[in-house]
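Please build the complex by placing chain B on the supplied structure of chain W, with the hints as guidance.
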Amino acid sequence: SQKIEQNSEALNIQEGKTATLTCNYTNYSPAYLQWYRQDPGRGPVFLLLIRENEKEKRKERLKVTFDTTLKQSLFHITASQPADSATYLCAPLRWSNTGKLIFGQGTTLQVKP
Amino acid sequence: DTGVSQNPRHKITKRGQNVTFRCDPISEHNRLYWYRQTLGQGPEFLTYFQNEAQLEKSRLLSDRFSAERPKGSFSTLEIQRTEQGDSAMYLCASSLDVGHSGYTFGSGTRLTVV
Chain W
1 SQKIEQNSEA LNIQEGKTAT LTCNYTNYSP AYLQWYRQDP GRGPVFLLLI
51 RENEKEKRKE RLKVTFDTTL KQSLFHITAS QPADSATYLC APLRWSNTGK
101 LIFGQGTTLQ VKP
Chain B
1001 DTGVSQNPRH KITKRGQNVT FRCDPISEHN RLYWYRQTLG QGPEFLTYFQ
1051 NEAQLEKSRL LSDRFSAERP KGSFSTLEIQ RTEQGDSAMY LCASSLDVGH
1101 SGYTFGSGTR LTVV
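Protein chains in written order, with the numbering used here: chain W, 1 to 113; chain B, 1001 to 1114.
So here's chain W without its partners, still in its complex pose:
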């Protein structure tokens, strides 16, 4: 069955450092992969989408890579700030008519000042 794995342990880093979060998937060939941010008690907020034919995507301090051979996506936040503290969710998306997103369990990032 399809499986999406994100680090279940929280990631604690110092302000100004680069945070790297991992998303691995199995039994899956996604055409796209989306990353979301979720704050406690709120719905997820879309951050970035990367397509299978794109190796890397950037947006301001965010960078996402997509390795279809390794079946892995990496999500980087450079020059991290305490305001970046949140849970980050990945959602590989197979090409289908519904566009149904299946989410990983999320990784909680804590950036300390």
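By construction, these hints were calculated from the structure, which means they are not laboratory data. Yeah, the Cβ is synthetic: ideal placement off N, Cα and C, and Gly gets one too. Watch out, some of these pointers could steer you wrong.
Label pairs and their computed distance ranges (CB to CB) [claimed, not checked]:
no., chain 1, residue 1, chain 2, residue 2, range
1, W, Gly41, B, Thr1013, 37 to 47 Å
2, B, Val1114, W, Gly41, 13 to 23 Å
3, W, Gly41, B, Leu1055, 26 to 36 Å
4, W, Val45, B, Glu1078, 25 to 35 Å
5, W, Lys55, B, Gln1017, 27 to 37 Å
Only chain B this time, still in chain W's reference frame:
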């Protein structure tokens, strides 16, 4: 347009009661999704509408759950005979098309069954 709106934000109900949640998507979005999320987990897919048609329903959705999207606008999710295991955050999301842009989520309805 202020995004996806969900009501109520919180609902506490006694076991066995019926509850109904409402979602107002972004007006030009034709796709609408319901998800359920428990603590420490990612959102789990429940059901999907394209316009007014319910095109997919998760096996997670027992026959106590029903969703509608009359006229392809707002949607409701009803849970009949609630159980304590139904306690969760219920999230609604909408999108315009598949894969080319992200989905817009509402803030969710937190259901507590006592």
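Okay, the hints, checked on the actual structure:
The hint said 37 to 47 Å for the Cβ distance between Gly41 (chain W) and Thr1013 (chain B), and at roughly 19 Å that hint is violated. Take Val1114 (chain B) and Gly41 (chain W): their Cβ atoms lie about 19 Å apart, and the range 13 to 23 Å holds. Taking the beta carbon of each, Gly41 (chain W) and Leu1055 (chain B) are about 30 Å apart, inside 26 to 36 Å as hinted. A hinted range of 25 to 35 Å holds for the C-beta pair Val45 (chain W) and Glu1078 (chain B), which are about 27 Å apart.
Between Lys55 (chain W) and Gln1017 (chain B) the C-beta distance comes to about 52 Å, which lies outside the given range of 27 to 37 Å.
The structure fails to meet hints 1 and 5 from the earlier list, while all remaining hints are met.
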